[in-house]
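Going line by line, the protein sequences match chains C and P.
One point on numbering: in the working numbering, the residue at position 222 of the first sequence is 222, and numbering is uninterrupted.
One point on numbering: in the working numbering, the residue at position 91 of the second sequence is 1091, and numbering is uninterrupted.
Calculated directly from the structure, the hints in this document are not laboratory data.
A couple of the hints might just be wrong.
Unchecked claim - Here are some chain C residues the structure puts well away from chain P; computed CB gaps all over 10 angstroms:
1) P73
2) Y149
3) I167
4) R338
To be verified - One-sided excerpt, in silico: chain C residues whose CB lies under 7 angstroms from chain P:
5) A60
6) I61
7) F70
8) I76
9) G150
10) P169
11) F170
12) S173
13) A180
14) I182
15) C250
16) F283
17) L327
18) I329
19) V330
Predicted model only: the values in this text are computed from it and were never measured.
Just so it is clear, CB atoms sit at the ideal spot from N, CA and C, and this is done for glycine as well.
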Amino acid sequence: MPEPSQDPAPGEKIAYLGGGSASSGFFTGLHARLLLFAPYRLFVLLLVEMGFSGRSLVIAIPYLWLLAFFLAPFLIVLKISLAEVIVAQPPYTPLFVFIEDGFIAIQASLENYLFLMEDSLYWKSYVSSLRISLISTILALLIGYPIAYGMIRAPKRWRFALLMMVILPFWTSFLIRVYAWIGILKKEGLLNLALTQLGLISEPLTILNTDIAVFIGIVYSYLPFMILPLYANLEKMDLGLLEAAADLGCRPIKAFWVITVPLSLPGIVAGCFLVFIPALGEFVIPDLLGGSQTLMIGKTLWSEFFNNRDWPLSSAVAVILLLVLVLPIVLFQRMQERSTRAEG
Amino acid sequence: MKQGLSWFNTSSLVIGFLFLYLPIALLVIYSFNESKLVTVWAGFSTKWYGEMLRNESLMNAAWVTVKVAFVASTFATVLGTLAGLIMTRFGPFRGRTLFSGMIYAPLVMPEVITGLSLLLMFVAISLDRGFVTVTIAHITFSMCYVAVVVQSRLVSFDRSIEEAAMDLGCTPGRTFLQITLPVIAPAVVAGWLLSFTLSLDDLVIASFTTGPGATTLPMKIYSQVRLGVTPEINAVCTILVGLVASGVLIASLVTRRQEVRREAEERAAQAAP
């Protein structure tokens, strides 16, 4: 199979617009018929005049959508994070103020950011988010690795079914999966019921509304993200290496540490990032499973916005969260690029 | 060493899958519980399903959610397919880096940030919040998933067929419709399904971007869950899980069969002299 390259094929440089070719096809036909209408003809002429080709029009559709609904909203968040909260609609001060003589004054204050540094609630939320995500990621690795490893040791004809079984929970509603744990973990819940009836505990355990419940929730929700890259990586491993090690007298456990783990390192790193990054900004899990003392930045942002109605401050929280996320995302991106280059 | 499962492999698979499936299974089982108390089993009953169907606000929310998901996933599939095509087939153009950044960023963006930023923009342009704004928000994040799915399919697909078609005088548009689209169709369908479930599932972004009259089902479930676990919600969740699971299973079996057939055809083609 040829290497997919990013160079344009010569054929793609043909302009889509402007007619010329007489070949049929739905869109060409439609285009030809629409050219009979003066407004459409004028529009096309204008576009061609401005140097637009069909190619750039195709690019423009998703491009403009993302600019309008992804990039522009961020700039607005950035702008509002520099404003101050006021009682009005919308409840923040404008960044640009028109003053007399046609001058525009810029009203920006870093007060929100200073407040984030002063008030311990916020930096504690960031630190606690990092801690909870890190612990959950390690737990997910410890649980996910044996599963992924078991999957590649299973007979080949089972693999598709096993893979489907890992992917299927990922498609079922996140909210429902988190909700399912409430019934299990609460004080009079199914776990305590089972443990008491087995005689393992006499007093019901308090798990719901603690950090432990949040760990369980994150590991449970993001386990497929850990298993899939690990599986993809382990599947490519040559099992003959383990055989060779065994023939040379290496015990299986040592062979695992010396051969399997180093070879699956890219999978481990990818899985960890895929769990860690979304866990960091998580709102639903700490809100439903965590307690009032469970601090996570997503939850703080939510309550700042919905309960305190402080839009500028929650914007500032969002900007800082984004900055916290940039480092792991960039690292992950770099690593992915390196591994695709190594393979290619 | 033989290829096979040791006791350790088997037990880790069994425990792992129990961990993944037991919570959902319990949720489904207890939706058929006669008792209002979630942990006391009082006999089989489907009364909570009846209760759920009579709950008008719940049904309204479900209807809104399905409408949003349908419209959003359809638009997202069109935009996402275009984006995937642009990323793999359009070569370099001005602003390509920004474009691919905007495709990948929503995938890793925390939902709270996406939701907040979209809401602030809707307020800034004073667009009334409701059905339209939720749909726009859902299109925006799910089109990126579609783009990635379509893109991965396009990368693995031999582009010389497209080039051959164009060398033979096919216009780019016709090449796309007759050659590229049939090949990437499984990815496009998968992308549509993925966007549909993502939209069906979304709580955070919908909570930020919605307005009066457009409460979605996850928002409804969320507000009830905060008050406690009820069998009625279990019933709603069971239906959702059942719908999504059967849809995904059917889709994956269909694509699996197509792949097996294609592989067989390729083998046959190679075997032929």
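Hint check:
1. P73: 4 angstroms, violated
2. Y149: 7 angstroms, violated
3. I167: With a cut-off of 10 angstroms, I167 (chain C) comes too close to chain P, as the shortest Cβ separation is near 8 angstroms.
4. R338: At roughly 16 angstroms from the nearest Cβ of chain P, R338 (chain C) sits farther out than 10 angstroms, so the non-interface label holds.
5. A60: Result: violated, 10 angstroms to nearest chain P Cβ.
6. I61: 6 angstroms, holds
7. F70: Holds - the Cβ of F70 (chain C) comes within 7 angstroms of chain P, reaching about 5 angstroms at its closest.
8. I76: 5 angstroms, holds
9. G150: Cβ of G150 (chain C) sits 4 angstroms from chain P, so the hint holds.
10. P169: 5 angstroms, holds
11. F170: 9 angstroms, violated
12. S173: 4 angstroms, holds
13. A180: 4 angstroms, holds
14. I182: 6 angstroms, holds
15. C250: 10 angstroms, violated
16. F283: 5 angstroms, holds
17. L327: 12 angstroms, violated
18. I329: 5 angstroms, holds
19. V330: Check failed: Cβ of V330 (chain C) comes no nearer than 11 angstroms to chain P, outside 7 angstroms.
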